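Colleague: The primary structure of each chain is shown beneath.
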Amino acid sequence: MTWAVVGASAGLGRAISECLARQRRSLLLVASDARDLEAHAADLRVCFGAEARVLAHDGADHAALADAMGRALEGQDVEGLIFPIGSVDGTDDGRLGGPRAEEMLRINLLSVVSVVSRLLPGMMDRGRGVIVGFSSIAAARGRSRNVVYSASKRALESYFESLRHLAEPRGVVVALYCLGYVDTNLAFGQRLLLPKADSTALAARICEELGNRRGKRYLPAIWGPVTWTLRHLPWAAFRRLRF
Amino acid sequence: MARRPADLRSGGEARRDRPVSGGAGRGFASAEAELVSFDGGTRCRQTLVRPDRYRHLEQLGPKELRIVRGGGYSYAAASFGAGATVQDVRAFDRILAFDGTRGILECEAGTTLGKLFRVCAPRGWFLPVQAGYPRITIGGCIAADVHGKNQFRDGNFSRQVESLRLFHPARGVMTADRESGAELLDLTCGGLGLSGHILSARLRLARLPGRRVRVRRTRIPRLEDTMALLEAAAAHATFLYTWQNLTLHGDTLGRGFLYAGEFLEDGEGADAPESRVVAVDADTRAGLRLQLLNGGTTKAFNLAYEALQAVAPDEREIGLHDLLFPVARKVLYFRLFGGAGFHEMQVIVPRDAFATVARELRRRLSAEPFPVALASCKLFQGTPALLRFDGSGVCLALDFPRGPASGRFAAWVDALVRDVRGLPNIIKDSRLGMDTVRACYPGYEAFSKALHRLDPQRLYRSEVSERLAL
Chain A
22 MTWAVVGASA
32 GLGRAISECL
42 ARQRRSLLLV
52 ASDARDLEAH
62 AADLRVCFGA
72 EARVLAHDGA
82 DHAALADAMG
92 RALEGQDVEG
102 LIFPIGSVDG
112 TDDGRLGGPR
122 AEEMLRINLL
132 SVVSVVSRLL
142 PGMMDRGRGV
152 IVGFSSIAAA
162 RGRSRNVVYS
172 ASKRALESYF
182 ESLRHLAEPR
192 GVVVALYCLG
202 YVDTNLAFGQ
212 RLLLPKADST
222 ALAARICEEL
232 GNRRGKRYLP
242 AIWGPVTWTL
252 RHLPWAAFRR
262 LRF
Chain C
168 MARRPADLRS
178 GGEARRDRPV
188 SGGAGRGFAS
198 AEAELVSFDG
208 GTRCRQTLVR
218 PDRYRHLEQL
228 GPKELRIVRG
238 GGYSYAAASF
248 GAGATVQDVR
258 AFDRILAFDG
268 TRGILECEAG
278 TTLGKLFRVC
288 APRGWFLPVQ
298 AGYPRITIGG
308 CIAADVHGKN
318 QFRDGNFSRQ
328 VESLRLFHPA
338 RGVMTADRES
348 GAELLDLTCG
358 GLGLSGHILS
368 ARLRLARLPG
378 RRVRVRRTRI
388 PRLEDTMALL
398 EAAAAHATFL
408 YTWQNLTLHG
418 DTLGRGFLYA
428 GEFLEDGEGA
438 DAPESRVVAV
448 DADTRAGLRL
458 QLLNGGTTKA
468 FNLAYEALQA
478 VAPDEREIGL
488 HDLLFPVARK
498 VLYFRLFGGA
508 GFHEMQVIVP
518 RDAFATVARE
528 LRRRLSAEPF
538 PVALASCKLF
548 QGTPALLRFD
558 GSGVCLALDF
568 PRGPASGRFA
578 AWVDALVRDV
588 RGLPNIIKDS
598 RLGMDTVRAC
608 YPGYEAFSKA
618 LHRLDPQRLY
628 RSEVSERLAL
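Chains A and C are the protein sequences, given in the same order. Residue 217 in our numbering sits at position 196 of the first sequence, and the numbers go up by one each step. Residue 369 in our numbering sits at position 202 of the second sequence, and the numbers go up by one each step.
Isolated chain C, as found in the complex (with noise of 0.2 Å):
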């Protein structure tokens, strides 16, 4: 780890403090505001900085608890909370270095996956590793180590990361790479921005084989099949996911399809720049006030989806972009469960369990039908270490409305994933408790003594962190 002095100053003379608007005269501007996690499920009053340029971010007091925010896509409030000053770091969003020869590309850590993909896909290079909305941040990615749809062979987005700068306080700026440093590059892969304030990232990109993706839909009879089809399909296919009912009763219960995509290596065209994207954050997600999408219409609402995929063609060709972020064009489904909110739980289920899960979910919601609005499952081939992401088996998200009766169905699934050794996604589950954490990830108490090694003072900070005891 190559340590550098504590001031971020390389060059630029120093500036008086110059109070900018209704901040505390700190150099920069500053605002009282209302912080939400994206599933509506925690919000916060506190204070907000938007720094614009370097010295910025200099300026918090050297003690003062901070934790920085990119896009605020997360589910669960890992960028506020915990009393700390947030500081929203989107306009550090400028590409410094492109090797078109290597794919290697340099960035500061608010620049967004869709800058990123515009500027590189016509060049011929892209991220094989993605989230799912265009405006989510390299900084964002990188914290909560976020996959895709393919990480059962591209791995977590910490796999094409080469190194990171990163600042803290106390230690000033500091670099870590594969070679030297790579204990703070573990620690900040998956670290939910508690080890410091990613400055710049040095990505791997891969070649783009094509700009379209041919997928190919398949039925799947139960939810008991998933496994046995996602594996058949694993072969041949890059991308990988499923949609299934969990409303249905009986046999049919997790009925759905499955999704196989792969490039068509010749294809052309009908690129989606982030024009067509649909804009939503955490504030305009939750807009409406009625919950629309409730414990009365969850069955309607999978059905008549169910209904409208089963009379599109099995085989379709769409563009990359839209592969890559679906939920730019899906806004619709999120706002639907209006300011309620919503909660979306995230699992690995080792492969020798799934049908112990499946079992256990078909007898659950026989007995006590619960309007599980999405499910989903992707493959998963990897190691869980520290806080990530991570393992071998089937990864299944459920979504379903917040509501008086969701949390004791969450705390039962819960229950259900601590007993099969499974991994829940903390940065999908706003609610996850430190119990359950510890419980399933063995990485724990090693994240947590890093952490408090690199920074004993523990300046950043969130609700997050503050919930699991970090």
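Pulled out of the complex, with its shape left as it was, chain A reads as follows (with noise of 0.2 Å):
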């Protein structure tokens, strides 16, 4: 049974992919530059014993990001799905271009949708599989800063909901986490309201409660509160916020 990790070769995806190497899971690992990807399975062949096949790939070029795990998890039960995939673009204010905004789209949404239709009817037919992705607390509400990522990352977070819907029903665990402040190179070097959290001890968790975590959770939980604020907060007050 095999777990593909799309996103694998850093931050988060990184951390995660050790944790499930960790765990002698088979791996299929996909990112976009096989320089990274060779080098991170051969770490997890060496320190963990772990199976882990590598499949280069933009996420952008979605379509076909799907057609080739397909290819590569043919004939093959897919135990689990995990998205730490995601753009961000530090222009993105509202001028970002149309090619770049329709890139980060496809990356943050459409390569989540394409992979996962294509694979999700399998894990249906088995009546049984795990499917994780991550959104953000910047899709919490629209703001002056991230325009093209909160939007694709709440559009997201509706598609993990119709997901959950169609896919639990038979047998599909589904799971959805929205991240706060996270120690990658997404937070470097940013003055930050609260503390970032460490990427290691996050995927610790997220790995522990693979396929019994169901719907949407914040990690750290402390986003909960803070995003439900955020959200109920009134226009007046939040239209004052530069952040």
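Please keep in mind that the hints were generated in silico from the structure rather than gathered at the bench. Keep in mind that the hints are not guaranteed to be accurate.
Unchecked claim - Between beta-carbon pairs, the in silico distance windows are:
1) C:A373 / A:S179: 26 to 34 Å
2) A:R261 / C:A446: 35 to 43 Å
3) C:L232 / A:G118: 29 to 37 Å
Unchecked claim - The following residues of chain A were derived to be distant from chain C, with all beta-carbon distances above 10 Å:
4) A31
5) G32
6) R56
7) A63
8) V67
9) S179
10) L207
11) T221
12) R234
13) T248
Remember, it's a predicted structure, so these values are computed and weren't measured experimentally. Yeah, the Cβ is synthetic: ideal placement off N, Cα and C, and Gly gets one too.
Each of the two chains sits in its own frame; use the hints to bring them together as a complex.
Modeller: In structure tokens:
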């Protein structure tokens, strides 16, 4: 039984795949650059004796990615699909050009949609499997920064609600983690309101809960009430916030 | 030397630059950071980038000054300074291959010594030459050509380096091994990170005789006895070092202990995983505002340590992890120097000059007592080359608190070392001047010329390279 991690070569994806390798799960590691993937897979083989295959593919080319993953997983029981994939852009302030905005939507949303649509039927036929997605606290409420990124993550949240509605009655567990600040390259060098969570600790938590956790969850948990407050802040107050 | 194209890419498709955070839109995270040398002697504010994918390494401008940084544990500022962009490459810490039959391991340069120990020791292998803290990276060990407590038997770190992959923006990825690229290998081992970015290294491991070491302690009556006792113990010891008290007066100055360790072949268990390692870096080391180990307390500190050692058993068994990484359990010692920091001077004193150095130290410290917090000796056997800290004799290390008089004492030691044709360790001393290095290192000119041949633009720069005019 194979676990596929899409976005496995860095940050949280790398930490999650390391956790899975420690549990001796069979892995398909997917990311855009073969050099990162080969190095990561080699490390997991040496350190944990894990079976780790790699697939280098750009998430922006989502239909081709789904085809490639379908071929790579042909004839195998897919136990889990994990999507720690995402793209942000420091110039995403409402003036982002069409092609780049489209690329972000492809990576953040459509790559997940395409891969799931390709592999979900098999999982539902077997009546088992786990699908895990990752949203962001940036999706809590639209603001003048991370405009397209937030929109794509909010769309992803809606998609995962639908996915849960569709797949859970057929035995597939669907979970969506809404991440706060994490100590990865996405947050490096930024002055932030709250401390950054350690990606290794988050990965351990997520891997512990695989197959048991359903629905949406904030990580770290403190972001649940923070997000709730932001959502319910009157517009007159929210519009004054600069973050 | 095998050359490859200047692009690091080997299969991944090109991607547009994507600013991630706080950076200048160059496709990777960057920040303005204040970096400090481990001894607290050098501080610089500059751009720090933290690449975590290979494509990030290609995204600095081709003429942009840069320097690679691992754990940041160098006492001298070898991984920052000179206005260069600092590339923190600790994310590149993966083991690429392991041949459990021949004991050959290939890893990325950001891999830590602690990780290698965790992976190799259970399989019966280890790196015989290690630096003293498990979070030091392999790249750092190569760039500083570090040594351990067994230098007289196993040499420096470079002896176990089979080959390297190195990136330089003007030359692409280069492979250097002993057959092809020996000059580049030579330049990079002990090259202070100035010859390029070490991507990965193939290392030759040694069979692990056991996981525990028996350490025997013997008395050293006075400083002048050190050399003879070290040489006598060397015949039957694998690890050898001393601790000596230079805050005493009269005949007892330099009194202390010699520690000789050897593997217990049937040693079992008592493994010390990295979770027991007390975390420290250059920032947290300097966390205390007060310098608690200072001119007024150093003597008491030494006497207390000596008393504790004296009541401990003469012979004890310790885990290899604890022996290889003593700093992991002695972090408090470094913290006691506080924000003001400390000096460490480490010099190889030629065998025939040790008596002179001991005599001069006695004369100086008797006339003008000085708070030497730690004095320690190891036996060295080797040949100096380029800027590598290697040679034959006694390696004498002195730690003392940084203060108004410390610079004068350090300058006096510099002059003594020059007089006896000793060799100061560049990586341990953040104030060592170019004149001293040029006078003591016969390979200084050769290193400088080879470096400029390899890199006429001198893209890899640090405070150390500027201070030493490299």
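Colleague: Can you give the numbers of the hints that this structure goes against, from lowest to highest?
Modeller: Failing hints, ascending: 1, 4, 5, 6, 7, 8 and 10.
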